[in-house]
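*Asks:* What follows is each chain in one-letter form.
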Amino acid sequence: MRYLPLTDTDRQAMLAKIGAASVDDLFVDVPEVARLDGPIRGLPMHASEMAVERHMKALAAKNLVAGEVPFFLGAGAYRHHVPASVDTIIQRGEFLTAYTPYQPEIAQGTLQMLFEFQTQVARLYGCAVANASLYDGSTACWEAVAMATRVTKRKRAVLSGALHPHYAQVVKTMAHFTGDEIADALPAITAEPDLDGLIARIDEETACVVVQYPDILGRISDLTPVAEAAHAKGALLVVVNTEPVALGAIMSPGEMGADIVVGEGQSLGVGLQFGGPYLGLFAVRDPKHVRQMPGRLCGETTDAEGKRGFVLTLSTREQHIRREKATSNICTNSGLCALAFSVHMTLLGERGLRELAAENHRLACLAADRLAKVPGVEVLNTAFFNEFTLMLGGKPAREIIRDLADRGVLGGVSLGRLYPGVEALEHALLVAVTETTTEDDIERLAQELEASIKETV
Amino acid sequence: MRYYTDEHEWIEVEGDIATVGITEYAQGQLGDIVFVELPEVGALIEQGKDAAVVESVKAASDVYAPITGEITEVNPALEEDPALVNSAPEDGGWFFKMTIADVGELDGLMDEDGYKAFLEEL
Amino acid sequence: MNAPNKSGWKPEMSLAESGFLGGPVTTTGNRGLMLEEPLLFEIGRADVTGVDLPDVDPAAPTRLGGLARSEAIGLVGLTEPETVRHYTRLSRQNYGIDLGFFPLGSCTMKHNPRLNEKMARLPGFADIHPLAPQSSVQGALEVVHQLGHWLCKLTGMPAVAMSPKAGAHGELCGILAIRAAHEARGDAREVVLVPESAHGTNPATAAFAGYRVEDIPATPEGRVDVAALKARLGPDVAGVMITNPNTCGLFEKDFREIADAVHAAGGYVYCDGANFNAIVGKVRPGDLGVDAMHINLHKTFSTPHGGGGPGSGPVVLSEALAPYAPLPFIRKDAEGSFYLVEEENREERGPSFGRMTAFHGQMGMFTRALTYMLSHGADGLKQVAEDAVLNANYILRSMEDILHAPFGASGPCMHEALFGDKDFTNGLSTLDVAKGLIDEGYHPMTVYFPLVVHGAMLVEPTETESKAAIDQFITAFRAVTERALEGDEALKQAPYYSPRRRLDETGAARKPKLAYEG
Numbered sequence: 005m006r007y008l009p010l011t012d013t014d015r016q017a018m019l020a021k022i023g024a025a026s027v028d029d030l031f032v033d034v035p036e037v038a039r040l041d042g043p044i045r046g047l048p049m050h051a052s053e054m055a056v057e058r059h060m061k062a063l064a065a066k067n068l069v070a071g072e073v074p075f076f077l078g079a080g081a082y083r084h085h086v087p088a089s090v091d092t093i094i095q096r097g098e099f100l101t102a103y104t105p106y107q108p109e110i111a112q113g114t115l116q117m118l119f120e121f122q123t124q125v126a127r128l129y130g131c132a133v134a135n136a137s138l139y140d141g142s143t144a145c146w147e148a149v150a151m152a153t154r155v156t157k158r159k160r161a162v163l164s165g166a167l168h169p170h171y172a173q174v175v176k177t178m179a180h181f182t183g184d185e186i187a188d189a190l191p192a193i194t195a196e197p198d199l200d201g202l203i204a205r206i207d208e209e210t211a212c213v214v215v216q217y218p219d220i221l222g223r224i225s226d227l228t229p230v231a232e233a234a235h236a237k238g239a240l241l242v243v244v245n246t247e248p249v250a251l252g253a254i255m256s257p258g259e260m261g262a263d264i265v266v267g268e269g270q271s272l273g274v275g276l277q278f279g280g281p282y283l284g285l286f287a288v289r290d291p292k293h294v295r296q297m298p299g300r301l302c303g304e305t306t307d308a309e310g311k312r313g314f315v316l317t318l319s320t321r322e323q324h325i326r327r328e329k330a331t332s333n334i335c336t337n338s339g340l341c342a343l344a345f346s347v348h349m350t351l352l353g354e355r356g357l358r359e360l361a362a363e364n365h366r367l368a369c370l371a372a373d374r375l376a377k378v379p380g381v382e383v384l385n386t387a388f389f390n391e392f393t394l395m396l397g398g399k400p401a402r403e404i405i406r407d408l409a410d411r412g413v414l415g416g417v418s419l420g421r422l423y424p425g426v427e428a429l430e431h432a433l434l435v436a437v438t439e440t441t442t443e444d445d446i447e448r449l450a451q452e453l454e455a456s457i458k459e460t461v
Numbered sequence: 399m400r401y402y403t404d405e406h407e408w409i410e411v412e413g414d415i416a417t418v419g420i421t422e423y424a425q426g427q428l429g430d431i432v433f434v435e436l437p438e439v440g441a442l443i444e445q446g447k448d449a450a451v452v453e454s455v456k457a458a459s460d461v462y463a464p465i466t467g468e469i470t471e472v473n474p475a476l477e478e479d480p481a482l483v484n485s486a487p488e489d490g491g492w493f494f495k496m497t498i499a500d501v502g503e504l505d506g507l508m509d510e511d512g513y514k515a516f517l518e519e520l
Numbered sequence: 472m473n474a475p476n477k478s479g480w481k482p483e484m485s486l487a488e489s490g491f492l493g494g495p496v497t498t499t500g501n502r503g504l505m506l507e508e509p510l511l512f513e514i515g516r517a518d519v520t521g522v523d524l525p526d527v528d529p530a531a532p533t534r535l536g537g538l539a540r541s542e543a544i545g546l547v548g549l550t551e552p553e554t555v556r557h558y559t560r561l562s563r564q565n566y567g568i569d570l571g572f573f574p575l576g577s578c579t580m581k582h583n584p585r586l587n588e589k590m591a592r593l594p595g596f597a598d599i600h601p602l603a604p605q606s607s608v609q610g611a612l613e614v615v616h617q618l619g620h621w622l623c624k625l626t627g628m629p630a631v632a633m634s635p636k637a638g639a640h641g642e643l644c645g646i647l648a649i650r651a652a653h654e655a656r657g658d659a660r661e662v663v664l665v666p667e668s669a670h671g672t673n674p675a676t677a678a679f680a681g682y683r684v685e686d687i688p689a690t691p692e693g694r695v696d697v698a699a700l701k702a703r704l705g706p707d708v709a710g711v712m713i714t715n716p717n718t719c720g721l722f723e724k725d726f727r728e729i730a731d732a733v734h735a736a737g738g739y740v741y742c743d744g745a746n747f748n749a750i751v752g753k754v755r756p757g758d759l760g761v762d763a764m765h766i767n768l769h770k771t772f773s774t775p776h777g778g779g780g781p782g783s784g785p786v787v788l789s790e791a792l793a794p795y796a797p798l799p800f801i802r803k804d805a806e807g808s809f810y811l812v813e814e815e816n817r818e819e820r821g822p823s824f825g826r827m828t829a830f831h832g833q834m835g836m837f838t839r840a841l842t843y844m845l846s847h848g849a850d851g852l853k854q855v856a857e858d859a860v861l862n863a864n865y866i867l868r869s870m871e872d873i874l875h876a877p878f879g880a881s882g883p884c885m886h887e888a889l890f891g892d893k894d895f896t897n898g899l900s901t902l903d904v905a906k907g908l909i910d911e912g913y914h915p916m917t918v919y920f921p922l923v924v925h926g927a928m929l930v931e932p933t934e935t936e937s938k939a940a941i942d943q944f945i946t947a948f949r950a951v952t953e954r955a956l957e958g959d960e961a962l963k964q965a966p967y968y969s970p971r972r973r974l975d976e977t978g979a980a981r982k983p984k985l986a987y988e989g
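Respectively, the protein sequence lines represent chains A, B and C.
Per our numbering, residue 5 is the first one in the first sequence, and the count goes up by one each step.
Per our numbering, residue 399 is the first one in the second sequence, and the count goes up by one each step.
Per our numbering, residue 472 is the first one in the third sequence, and the count goes up by one each step.
In short, the hints are calculated from the structure, not lab data.
Backbone N, C-alpha and C fix where the C-beta goes; we use that ideal spot for every residue, glycine too.
Be aware that one or more of the hints could be misleading.
Claimed, not checked - Some chain A residues judged to face chain B by a derived CB distance under 10 Å, without partners named:
#1 21
#2 293
#3 318
#4 319
#5 374
#6 377
#7 448
#8 451
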């Protein structure tokens, strides 16, 4: 048992010190009925590294790896190239095997990193303050709604129809239990988002309006009018971003007047990982809202010798002090993913992020032009960053996607998967293009899509 | 006239307005104050209900309204300098002013001597 | 006395001899291998990048809808060598399990096997998309399914919800399932009972789910007061949240009796599984009447803590609560294929309370945890619990002659030993002992938790420490404790040898500076 350093001699010596005859004497408080007489049956016994590796590799081999095929999936999770140094840094034991920095004197590495991370996120989002991260974008979205209800003392949230449906589901699940009212909608299949319709849904009871940018169909539009309309009614604007790379090319939500900006940070450093762990980003534009924020915050201070140092701060918002009055029950953040994000962002810098964004957009434009030439296919979006919606001329997108997978192409995310049972959305396909996409990949998708559409009734 | 509560608040009554803060003893128990969350002007608060929150690094404590009334003013200096609660708790570190809805409620509070005696028993 | 350290350094050496103090002032502020590191924003440049990408062509056509970001973002970059050095230097200001003993009670800082890391990085797990066609990710779905099977077997529970992202999220999952179950039978209840020794997440979770929280007192021996709990049960009580083993490090021996009483009153039993590592393979919570329990994969099953996450908090559920489990969950069809039950599977989803997160849970943690379970097997996991409990009792009995152990007479502890600071003198407290241990090269124990013990010190050694490592810790812990008992003034300024001395947390909170300005 390679992870257990005690020898039987050690165990005997320790039992002698304790004054127990056997280790079972230490479990005397377990009621008789619940004591097991041996290892739990129906599970295998311990195994060597080699045997375990064989087992896990066999499972891994049953999956179609994104990097091995033309790959166009997005819808809240994007495949980007992660520089090699990111993974070596996050695997340093001092980061990997550290705990939450409750003892700041010996956790300055994590704390300084978090301070830098908070600064990066705040600037990316055009905000004053970002927290040290939350679980993922969808839970951050709910936390933003919950925070808006605290700030405005209102209980109604208006969700844009073009908010990621899984995010909307998370918000609705939670609101059911907190008694908040959620007004949601389905996305309208239009070239541009219907902001006037959204604005018309904001009223004096509205705590916040939640808008995704770029939205679930990949569309982008100026949200300034939404911010103005929300503010005029005393509501907050919550902007959700699922692709941080986009903000290297397009205006930040903060610049457009968003009060709370949340999002998924997975694109940078973290990888696809079949949906988790990911990285929830959370920021506020106005520093006066800081005390209503959920999650951990790292702040600058000095030590007893006057040297600069960092600590977790404003903890009185949190569950371990406020208990049932806390701003959230969140205990952890997504520390190692925040580190991966921050290292990747450091490698990119202002210049690299802008170049990365430009390259994503260039390839997405190429893909949109090529795919528009496939008979029966139309590009819905007027404007987009690296993801857009294809209309498949009445063909069912889910079947096309499955057929494409059989042809060795992961061709996108069908809206049918995201909005099951909604007929109006069955024929739409979301296609994401990043710097990892080659022009050959685009050509291959175009050809297979053409073939698939022909053969699908 | 100054009154005290067993929750370690003081109330200074001048005419029909009461000024409220926490006592020297309370600030000593709380340690370094880092933030005071004050009620909104215009809020109606009942005696004994949460009126403010005073925070140190590791604790958040509720401050209850010693009497029923409407908040007429909050101490703007506390936002900039919460340490005033430590340095001048019964003076510049006051929390808020409120109307006195029921003068009779004051009768249930302690005067300075009563509060001193109360402290000695703790 | 023998030097506890075999390196040649001796405790009787003066500070100057040992080279820590009294040396020359350096021009860099560095002291040998103790290296200072500026902030990223002080060394990075806007025009420098560590990634080679095509230059931006300002003339390239765009379809950004007139929303191009024209203002500077305010980010800075470093080349790869600078990046690696920046973070390597930062890392050296951190304490981690890899460096030394990390007895942080209730957090279970056990060794993180590197095979877990290797397996999680297999492209077949790391490079697959959550919305990929399910036929293309059968192996991933099978990992989730297998891990769920292990969790059910180990806990003796019939069902598991895999999507919760962390322990507190798992608590929320369990509490929402309880609320959904009551709602489904038209039995609205308002109160959740939580022992006063509970983790703060318990009351926060119950409140977040819309419940009113009421405390249950503890007995003098450190367990739930069963009589008080039973007296409070009634038609308004939705359930209880009890940590077992509890936060005082004791097994709640009346758990079954409590569970039966709660069930008889129409409530449900939530067990906080934060301390499952003490009983894994030895006791199945399902045999104790649990309805829901989260399992912190980052504690019991060794996925890394990563400086504060990501965690993972699957929740095992009883027959009564299983129908309300969140979406999505995994099923196996007649042909042996795995599939996700999501919003669209209207019949199969049943009365599920809905979705808690965008995708399917912490896959990267699932692969690590499954790797760990396979490595240990049923026999190894049982040994894990036994060694963890043995180590904790060894520390308890090696310290209690000089350090107040409030529940030392309550029988054996489980995986953690609890002490208090009531005998310290000269104003010294638990905090000072914690900081003194930093100077001795240890990460301190959990301090001031649980709240029921004055100046609590909660020591959790875990099973992955050798006897020699634990003995050395005991030597140091006793030495620092004696200083606290004697009232050593110097302890109030500890730590002396860490990258930073005590930090001004009051100043940080009064004038929050939460981002670099400049």
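*Asks:* Now tell me, hint by hint, if it's right for this structure.
*Replies:* Hint check results:
1. 21: violated (36 Å)
2. 293: violated (13 Å)
3. 318: holds (8 Å)
4. 319: holds (7 Å)
5. 374: violated (57 Å)
6. 377: violated (61 Å)
7. 448: Status violated, d = 59 Å.
8. 451: Residue 451 of chain A check fails; min Cβ-Cβ to chain B is 62 Å, beyond 10 Å.
This entry does not satisfy hints 1, 2, 5, 6, 7, 8, going by the numbered hints stated previously.
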